[in-house]
Amino acid sequence: MEIFGQPGFAVVQGLVAGVLTGGIYALIALGIVIINKASGVFNFAHGYMMLLGALIFWTFFQNQELTPVVAFALSGALLTILSTGIRYPAAWTRSGRVAFIAAAWATVGFILLQTDNLFLRALVGTALGAALVGLLIERLTIRPLIGQPLFATVMMTLVVGEVLLGVTQLTWGSVDRSLPIFATVNALGLPQAYPPIRIRDVLGGTVVIKTELLIAFGIAVAAFVGFVLFFRYTRLGLSMRATAENADLAQAVGLRVRAVLATAWAIASVLAALAATLYSSSTALSITMPGLALRVFPAVLLGGIESISGAFVGGIVIGVAEKLGTVYFGSDVGEQLIPFVVLMIVLIVRPSGLFGEERIERV
Amino acid sequence: MSANIRPSGVFDTSYAQEMRINRTRFDQILSAGFLGVILALPLLSRSGPFGIDLVQPGFLGTVERIAILMIAVQGLNLLVGYTGQITLGQAAFMAVGAYGTAILMRHGVTFWFALPIAALFTGLVGLIFGLPSLRVKGFYLAMATLAAQFIIPWLLRNPLAPLTNGASPLPVPRADLFGLEISGLPLYYLLIILSLLAMIAARNIIRTRTGRAFVSIRDNDVAAELLGINVFAYKLRAFFICAIYAGLAGGLMAIEARSLSPDRFDLRNSIELLAMLIVGGTGFPQAPIFGVSLLTILRETFIPSLTPSLQEWLPRLLPFVDSVNINAAIAPIIFGAVLIAFLIIEPRGLAYRWEILKISWKIRPFSH
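Chains as they are written, first to last, in our numbering: chain H, 1 to 363; chain R, 1 to 368.
No lab work stands behind these hints, which were simulated from the structure alone. A couple of the hints might just be wrong.
[Stated by the list, open to error] Derived lysine to any residue pairs resembling SDA-like cross-links, with alpha carbons at most 25 angstroms apart:
| hint | chain 1 | residue 1 | chain 2 | residue 2 |
| --- | --- | --- | --- | --- |
| 1 | H | 37 | R | 136 |
| 2 | H | 210 | H | 294 |
| 3 | H | 210 | H | 333 |
| 4 | R | 358 | R | 21 |
| 5 | R | 358 | R | 27 |
| 6 | H | 37 | H | 247 |
| 7 | H | 37 | R | 340 |
| 8 | H | 37 | R | 138 |
| 9 | R | 362 | R | 7 |
Note that this is a predicted model, so its numbers are computed, not measured.
Sequences and hints are given; from them, build the entire structure.
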């Protein structure tokens, strides 16, 4: 059976692969939306934050001893975050807080130094490293620009991307790497990918789905739901939304706006690292990763740049459009052209996106 | 972005003086002297008539590229600095001009026709991607031009590959004037003169009705509309002029480099052009001179001279660094650091600092 001149099973496969990839796109888009919601900055450096995050994950995932210096520095970062960023229960005394911080510090340092459970070590190390990257970017480059025109912030995130690219090239070079996190170990002790899922006799053919992609999709959706709940129910999430609504008013009612802005960048950076790691688990971790974020920008605009649910819808739509475009016109059209054509259409037809807010202007 | 700061005691006595390109005697002497030095540079190099080996031949190439990029950045200045629209697609427009010139020349059209035709065509392409400015502005417009930055190189790589050689380099024939090949010294002077003309033209546009309309759109587009300015028409005009400048720069780049590939016109090149504008001083007519000179000399002279010593001691200082990677990594880091410093410390750029310098010189010893 054929659908518009292509075999039906290929179209179904494209559709499924599109939805699964779209889940990861949604995660990338969520990071961009969070930063935009909190600080009103569109983060063009997101792709480079993804690259850096995935490379940090790769470094921890390698089966080698970590130098105590790195472990110490990272857990020191945790210490800083914990001691300044968290609102402790009022009942805790000063010594209680110190004990809590010290315990967290010791635990993390211990996890980072052991090599038995590489996955756990990589998770903890990446979360810390990526959060640190986000905090540094916010503090050093974005916060000094508060009050500057839009052009300056756009330019700043673009340039931060350049610097991050330089840093990754300096540290990791530009070789492709594999990141087999969803894999079993075969008889030779080498990682072996899970066999792909095959669904036979779908519209005249076999649909093949990469298992890694399916797992990645599951994790992406879970993380997405987690963040939606976080923004709806937790104190920090609510104060982030309040700050996004009106930073002056939020400060006036006693919310810690600076901490909120910093947290938004840290969370977005961790999300970027997570999405990049999931994406490279099914393909490879390559230096072209920032191009992926550029293809997600249309998804952000399609959903509306203030909308979290829009990020999900936009991600899925762009993922499906890309994969179906690849089925029908080849990958150069599907991946390099279609997202930007969608972008142009969105900008001409409905610039505020599907779920975004329309803006009214006065003199 | 006010370009009209003046030292105390300097004022215009007539409308003609107000409208002049160089308003004071000092400005006149300085620009004439600057131009004289630039024009004299090749005479002091090894290939000059006097045989003095004062200027490296490589530096002449750098000056040529500065002259070319100055045109592209001046176009950006008209659109970003004066009209207040953001564009991330200037490199893509340069690609249209470069490939247009190259393809016409490869089909036997003389350079002197190919360049203006390609520049005009680039202007039309700029109009197409300026169309979203009817509905969107600010950040959304930046996104629309970002789409241009991807769609145009895609067209060059894939559907137009029979004409453009796709992703592989496209050789460009030499330009000639009445049978005389233009290369070496004549090329240098041609580029300097065209760049100078483009600068003067931009200065001229700014002091006409069109230029004033641009500035009013930048300052407040809603108010400009209420004043009776056709905002959309003037925005499109700004996009058109900006793209023509980009096309001109691209065409000149084609005959200077003699070989084109789509990689030279990607997003990072657009960012670099914007960076040059910011370092120079957005909305100042001299911005391209300062910004392009500084960043191009940084990239072509300073960073290569720094690299060997970095390869020597950086791996010793940071044990995780492989000296193989330094070459590719150092340029983005230094470039980014310079720009971050400018954005935070002096977002108004070098041209603004230059005006301040002139003021404090005039009123010395009472500097402020």
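Outcome of the hint check:
1. For a cut-off of 25 angstroms, the pair hint linking residue 37 of chain H to residue 136 of chain R stands: about 19 angstroms separates their Cα positions.
2. For the proposed pair residue 210 of chain H and residue 294 of chain H, the alpha carbon gap of about 24 angstroms is at most 25 angstroms, so the pair holds.
3. For the proposed pair residue 210 of chain H and residue 333 of chain H, the alpha carbon gap of about 22 angstroms is at most 25 angstroms, so the pair holds.
4. Our distance criterion of 25 angstroms between C-alpha atoms is met by residue 358 of chain R and residue 21 of chain R, whose separation comes to about 17 angstroms.
5. Note on residue 358 of chain R and residue 27 of chain R: the hinted pairing holds, with a Cα-Cα distance of about 10 angstroms set against a maximum of 25 angstroms.
6. The straight-line distance between the Cα atoms of residue 37 of chain H and residue 247 of chain H is roughly 11 angstroms, inside the 25 angstroms bound, and the hint therefore holds.
7. The suggested pairing of residue 37 of chain H with residue 340 of chain R holds, with an alpha-carbon distance near 23 angstroms, which does not exceed 25 angstroms.
8. Between residue 37 of chain H and residue 138 of chain R, the direct Cα distance comes to roughly 17 angstroms. Compliance with the 25 angstroms bound is thereby established for this hinted pair.
9. Between residue 362 of chain R and residue 7 of chain R, the direct Cα distance comes to roughly 6 angstroms. Compliance with the 25 angstroms bound is thereby established for this hinted pair.
Violated hints: none; the structure is consistent with every hint.
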